[in-house]
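Given the structure of chain A, go ahead and fit chain B onto it with the hints provided.
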Amino acid sequence: MLPAAPLHSRIDVLASLREALLAFVLALVVFGPVSGLMLSGYKVEPHWLRPLLLAAVVAAGRFAIHLLGQTPAGRRMVARNQARVHGGVTVAALGQSPNRARLLLVFVLLGAFVIPFLPWLPVPDALAALGGKYWLSNLILALIYVLLGLGLNIVVGLAGLLDLGFVAFYAVGAYFLALGAQYLGIGFWTALVCAPLLAACCGAVLGFPVLRMHGDYLAIVTLGFGEIIRLVLNNWLEFTGGPNGAPVPPPTLFGLEFTRTARQGGTPIHEFLGIEYNTNLKLVFTYLVLLVVVILMVRLLTRLRQIPMGRAWEALREDEIACRSLGINHVVVKLTAFMMGAMTGGLAGVFFATYQGFVNPTSFTFFESALILAIVVLGGLGSTVGVIIAALVLTLLPELLREFADFRVLAFGLLMVLMMIWRPRGLIRPQRPAFAPPQEVAR
Amino acid sequence: MKPSSLLEVRGLTMRFGGIVANNDVSFDVADGSITALIGPNGAGKTTVFNCLTGFYRASGGTIHLATAAGAPVEVGSLLDKPFIGGSYLVARAGIARTFQNIRLFREMSVVENLLVAQHQRLDRNVLAGALGTRKFRQTERDGLARAFHWLEVMGLTADANRLAGELPYGRQRRLEIARAMCTGPRLVCLDEPAAGLNPRETHELSELIRTLRSEHRVTVLLIEHDMSLVMGISEHIVVLDHGEVIAAGNPETIRSSPAVIAAYLGAEEAEVEGGEGTR
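Chains as they are written, first to last, in our numbering: chain A, 5 to 447; chain B, -18 to 260.
Honestly, I wouldn't trust all of these hints.
Said to hold, decoys possible - Examples of chain A residues toward chain B, derived with CB under 7 Å:
1) V93
2) I311
3) A319
4) A326
5) S329
6) L330
7) G331
8) I332
9) R436
10) A438
11) P441
12) P442
What the hints assert, rightly or not - Taking beta-carbon pairs under 8 Å as the criterion, some of the chain A residues facing chain B (in silico):
13) V95
14) L304
15) R307
16) P312
17) M313
18) R315
19) A316
20) E318
21) E322
22) D323
23) I325
24) R328
25) N333
26) H334
27) F439
Stated by the list, open to error - The following label-pair restraints were derived from C-beta to C-beta distances:
28) A/F371 with B/D61: 39 to 49 Å
29) B/P(-16) with A/G219: 43 to 53 Å
30) A/V336 with B/G247: 42 to 52 Å
Derived from the structure by calculation, the hints contain no laboratory data. In this text, all values refer to a predicted model and were calculated from it rather than measured experimentally. Yeah, the Cβ is synthetic: ideal placement off N, Cα and C, and Gly gets one too.
If we strip away everything but chain A, and leave its shape as in the complex, we get (with noise of 0.2 Å):
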């Protein structure tokens, strides 16, 4: 939209004016039917100042805009902006100090290990809070969606396969809990053990047949796969208990219990430390696990990047012809790459029943593997540090700004509009490992 930059610095007035007046009729065709006409019984009322409003003043922010993009100022940061958008992936530089980064992470994992045992703690109430069943809650769901990211981020970020229907994964790990305590009275350790096998194996079952397809054929058949796994939960009344859901156990920890008398045939945990009572316990204890969980899953995709299989997943990402040529299985690498992250999303599941203690299909509708979509593409396809952030940020913002909670989806779409203009590979730009020659030189 910016004329490219003349030489001469003279601010042209008259073309801000057009691009106004475009703006402004742009703006009144967009809100004239929204606000414009209101339903009042069978009538329609017409209130047209409101959409005058408005779009004057869309109109007035664009020409502001326009006018400060010809100044001088305005155009080195259009520049600026425009190098960044066209830089992408870059490589690491060899032999670069990461001491910086690692006593940051450092810190950040001190911090989220103390968060929990905050109210036990002498510090000040503000910060004490953030260990109380609210920010608990709220830090567990989050991390939940850490996890979720992190598996979706090995199937669209790394291996390049758009799947809309991950949250089906997410769905096979919850109703693996709540099912499996009902009929075979399973419990907390056993399905964090078995539920990612059996989402992995749900995974390659889908795959196998999916995988030959590319591009839109996968988006729209996983679409399929996700709604399939919501409907037989929603419907099958008899197994899963339909909309009413079903209730899961709460968690154990080597016989213990987190609820204040013992109801699995355990010690409830404050009597056995001989502590007082608290409600805050199940959550203090499902958070910690989840952490760990979080912080192994997170080690290991680093890992992965680094090995055969996850370079192999990039590469096919790339350019799967050039794969097929080297000698690589393709449909075997994709199908492993569906089932990492399907056997992640199940992990995620189980600590979402744990933490909800009751499952039922609503939390499992599209609305959800867009959510997970959105904290991928925000994050910055196949960078960790990046969908750790964005699942953070989409999730606890929201918490935040609890005021504003009617402008939610609004503002989630304003986010996903600047983030297509001004970082359009996402929040953290994917780096690339350094290779230095090795020292003896063998064939």
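For chain B alone, kept in the frame of chain A given last:
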């Protein structure tokens, strides 16, 4: 199969619906030779390549590749294996290729491109990789050494840690050859390796192809339009026109073959007075 040949193509036919791209193509590639496949645009050279490397399933005919183990493999049968069949098996059998329009992993570094090519040779066990076992580290080190060895052969050592997509065109071509060589092939198929190169780069390329054969014991089959390159380095030339082999032999025979000259200059055979066919 003759003991001296590495690849034996017999009666290769490729039809796309009603269009016959290749009709009854037969030729041999001798072990350790440099063989060229030439012909005017649209003659079906790349189709032959795609059949050889398993990207197309030929409609008819056979392609046999001699293996170190003894019994030759038929490329088509690798593709037809139920469930696991596919062109990747052809690559594993020992045929590597480059592409006419370069297909590098553009957003990966140069070294990573070469490491991906060694997928079959590296330790692919996820657990071993996650834990970083000794065997894993050893194979990874070997892979890195092999990658840097090929970078040195191709004169790309300085570019090791750049993105493949940001290399200049000529170096991308060389990187693609290095990547093909990293799979440890017996036969490497180069699809127009000199396209877009300047005369100096083309000269370097012909030296490089000779080195591949003489020092790295690999058989080369190439498609090329640059006649000086083809005539200079190849021992055996197969000429295709309209999907059929119209001539085959050493450069001298091809240069003086009236059929070839007619195909290239589009002239009646009677009007041809000899001379070298260019594009």
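Cross-check of the supplied hints:
{"no.": "1", "hint": "V93", "result": "holds, 5 Å"}
{"no.": "2", "hint": "I311", "result": "holds, 3 Å"}
{"no.": "3", "hint": "A319", "result": "holds, 4 Å"}
{"no.": "4", "hint": "A326", "result": "holds, 4 Å"}
{"no.": "5", "hint": "S329", "result": "holds, 5 Å"}
{"no.": "6", "hint": "L330", "result": "holds, 5 Å"}
{"no.": "7", "hint": "G331", "result": "holds, 4 Å"}
{"no.": "8", "hint": "I332", "result": "holds, 5 Å"}
{"no.": "9", "hint": "R436", "result": "holds, 5 Å"}
{"no.": "10", "hint": "A438", "result": "holds, 4 Å"}
{"no.": "11", "hint": "P441", "result": "holds, 5 Å"}
{"no.": "12", "hint": "P442", "result": "holds, 5 Å"}
{"no.": "13", "hint": "V95", "result": "holds, 5 Å"}
{"no.": "14", "hint": "L304", "result": "holds, 6 Å"}
{"no.": "15", "hint": "R307", "result": "holds, 5 Å"}
{"no.": "16", "hint": "P312", "result": "holds, 5 Å"}
{"no.": "17", "hint": "M313", "result": "holds, 6 Å"}
{"no.": "18", "hint": "R315", "result": "holds, 5 Å"}
{"no.": "19", "hint": "A316", "result": "holds, 6 Å"}
{"no.": "20", "hint": "E318", "result": "holds, 6 Å"}
{"no.": "21", "hint": "E322", "result": "holds, 4 Å"}
{"no.": "22", "hint": "D323", "result": "holds, 5 Å"}
{"no.": "23", "hint": "I325", "result": "holds, 6 Å"}
{"no.": "24", "hint": "R328", "result": "holds, 5 Å"}
{"no.": "25", "hint": "N333", "result": "holds, 5 Å"}
{"no.": "26", "hint": "H334", "result": "holds, 7 Å"}
{"no.": "27", "hint": "F439", "result": "holds, 4 Å"}
{"no.": "28", "hint": "A/F371 with B/D61: 39 to 49 Å", "result": "holds, 45 Å"}
{"no.": "29", "hint": "B/P(-16) with A/G219: 43 to 53 Å", "result": "holds, 47 Å"}
{"no.": "30", "hint": "A/V336 with B/G247: 42 to 52 Å", "result": "holds, 48 Å"}
No hint from the list above goes unmet by this structure.
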